[in-house]
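Undergrad: Taken in order, these protein sequences are the chains called A and B.
The first sequence begins at 3 in the numbering used here and counts up one residue at a time.
The second sequence begins at 3 in the numbering used here and counts up one residue at a time.
Mixed in with the good hints there might be a few duds.
Which residues of chain A face chain B? A few of them, derived with a C-beta cut under 8 Å, are [as the list claims (entries may be wrong)]:
1) T154
2) I305
3) V325
No lab work stands behind these hints: they were computed from the structure.
Just so it is clear, CB atoms sit at the ideal spot from N, CA and C, and this is done for glycine as well.
Number of protein chains: 2
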Amino acid sequence: MDDHYHAVIMAGGGGTRLWPLSRRRRPKHLLALFEQETLFQNTVARLQGVFPPERIWVVTVAEQAAALQAQAPAIPRQQYLAEPAPRGTAAVVGLAAVALRHRDPQAVMAVLPSDHFVRHVALFHRLLRAGYLLAEEGFLVTLGITPTYPATGYGYIQRGAPVGTYADLKAYRVKHFKEKPDQPTARRMLAQGGYAWNSGMFVWRADVILEEIARQMPDLAAALEDIAAVWGTPKQEAVLARRWPALRAETVDYGVMEGAQQVAVIPAQGLGWSDVGSWESLFDVLTPDEDGNILRGGEHLSIDAQDNLVFVQNGQQHKLVAVLGVEQIVVVDTEDALLVCSRDQAQRVKEIVRQIEEKGLDAYR
Amino acid sequence: MDDHYHAVIMAGGGGTRLWPLSRRRRPKHLLALFEQETLFQNTVARLQGVFPPERIWVVTVAEQAAALQAQAPAIPRQQYLAEPAPRGTAAVVGLAAVALRHRDPQAVMAVLPSDHFVRHVALFHRLLRAGYLLAEEGFLVTLGITPTYPATGYGYIQRGAPVGTYADLKAYRVKHFKEKPDQPTARRMLAQGGYAWNSGMFVWRADVILEEIARQMPDLAAALEDIAAVWGTPKQEAVLARRWPALRAETVDYGVMEGAQQVAVIPAQGLGWSDVGSWESLFDVLTPDEDGNILRGGEHLSIDAQDNLVFVQNGQQHKLVAVLGVEQIVVVDTEDALLVCSRDQAQRVKEIVRQIEEKGLDAYR
């Protein structure tokens with residue numbers, strides 16, 4: 003990738019949507035869901051093929067920084083940027099833009115979640131390249147995913163006029179961002195065409211995104227200006243610590259993208275992507291056996307069981323798990339908790355976490 | 003109870019129908035399913051109110067004898083009769099009859115499985131008393147359970163002519179024993195009336211049952227005669243060890259009851275009885291919560307979940323088990339195995355055990 007191209011991994015999330023595996027103190031990107039390595043390590047590995055470590059950045063929160071550094075020691079220590087407290091992706095993006103612009107005023111940055119799954123890495127690299135090329139022209143680029151089914155768990159992007167072809171991929175102006183739809187709306191959009199899932203992956207120039215923040219989020223911009231003024235000096239941490247906590251938490255989608263002037267989408271088809279946002283989403287990315295079952299960890303037996311997900315982890319891998327006569331069930335067994343839920347209700351796992359909090363069962367959060 | 007009345011507990015079974023809780027080396031009667039005590043201890047406790055320990059006997063297999071003695075130390079050691087190897091309930095009954103007749107030629111014996119559940123103990127005692135009174139007249143008495151639903155997991159007994167009333171309970175001659183029926187047959191029998199479930203609990207005089215064995219099972223009778231000849235002498239164990247292994251395994255139902263001359267049934271209504279023969283059967287005897295869920299062991303959360311059984315035992319009680327959006331599911335979590343099955347397939351758990359054996363996963367048997 004070009005010397006000005008940087009990749010910024012957002013790795014500060016909490017996330018309980020994969021409870022009981024993900025926990026307050028064990029967020030999703032620190033889970034080894036698919037292989038021996040964590041989702042964060044998978045994300046870094048996907049980038050290391052095309053970026054030198056000096057152009058891979060990680061934005062995280064203070065309490066996760068040490069764990070992340072240990073998992074990806076090749077990335078220089080000063081490229082781990084720690085928020086004093088989480089304040090949403092708009093602030094994350096602004097902080098990263100300040101740091102990158104300080105290093106390289108011409109920096110173009112891809113902003114990438116740390117906990118997504120991507121099957122086809124070569125296509126992912128081509129998509130990134132297309133994003134950088136388009137971003138160099140001043141666009142805020144969002145990487146889209148061509149829908150394969152009427153998902154209700156993703157936001158949608160409606161495309162407008164074409165703006166050209168980059169790295170053999172077509173780019174379009176963005177007409178509308180749509181929030182997660184209900185099922186009929188999702189089906190209608192899929193039938194109508196011209197929509198992409200919002201992947202939460204973006205590419206833009208550091209100076210362009212900072213200008214948009216200045217235009218739309220003046221409070222954040224003022225804080226970032228103060229921080230930028232002392233960046234790289236001994237005062238950096240003190241100013242960050244003083245300015246950050248007062249910020250209003252906001253996502254980059256709502257705070258910046260929806261009102262931005264030059265927004266484009268590059269839809270990717272066949273990327274094999276998932277945001278791994280619920281147990282249900284694992285059916286999109288893991289290959290089931292001939293009965294449609296995905297059985298991970300431990301010994302497994304299944305009799306007349308179809309389309310189930312059984313996940314056994316964290317010290318329970320010595321177990322024999324037998325499923326008999328059940329369909330469309332998700333089972334997740336960990337050392338201190340067991341989840342049994344129907345597949346189509348898996349997104350309601352957050353209600354379990356809410357009940358855990360209400361009942362003060364803190365050990366299980 | 004009268005001085006000649008004895009109770010014989012059959013406690014030699016293996017049983018894997020409650021896998022993964024029951025195992026080859028942890029048979030059902032050694033499980034603490036309902037309370038702190040095991041089913042065997044529950045069975046002993048049910049009898050201790052009305053029998054002195056000197057008239058409670060236990061027939062078991064050699065490798066379980068020590069565990070059972072430890073659980074019911076009040077029963078004199080010599081009243082634990084150990085089969086050298088399991089040879090079916092006909093042999094168990096014959097051995098017990100030999101031992102009892104040696105002690106008391108007028109002995110009347112109730113033969114009781116060690117792993118059943120009985121809710122209404124006072125009625126159970128009355129039923130036993132009725133059985134003894136009728137047995138004294140020379141009948142082989144089987145204790146029946148008036149069906150409450152068209153169960154397919156029990157054998158049925160069709161009653162014939164009345165033979166009288168004993169302890170306020172009506173007794174009838176047995177017209178037919180029927181094997182476990184299919185669902186339509188079970189429904190027909192329930193609609194027709196005059197059928198009782200075969201509880202596997204019997205009462206008879208020791209001399210009468212030995213005569214019937216002599217008439218119908220001459221091989222067993224010959225072995226029992228040899229054993230009886232040396233019973234109470236130093237040769238007892240040696241003869242038992244020599245004669246027992248060659249016996250053909252047979253149940254008392256098929257080997258004796260079906261062809262016997264004087265057979266009666268006393269049906270009991272409202273006993274709250276179950277043979278605890280499958281996870282499904284626990285729904286008959288455990289009280290569910292307002293959603294119809296039975297949640298035992300550990301911490302539990304349930305959201306939109308109905309009519310499930312969740313059993314957490316053997317070192318997993320520290321767990322939080324969350325069920326979400328599932329119905330009619332059985333979940334059993336133990337230290338080394340987890341079962342998730344649909345309630346109406348629970349009787350197929352034996353197929354899991356068979357697969358475990360076929361795959362050589364011996365640790366999980």
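Undergrad: Could you run down the list of hints and mark each one as holding or not?
TA: So, going through the hints one by one against the coordinates:
no.	hint	verdict
1	T154	violated (16 Å)
2	I305	holds (6 Å)
3	V325	holds (5 Å)
Checked against the numbered hints given earlier, this structure breaks only hint 1.
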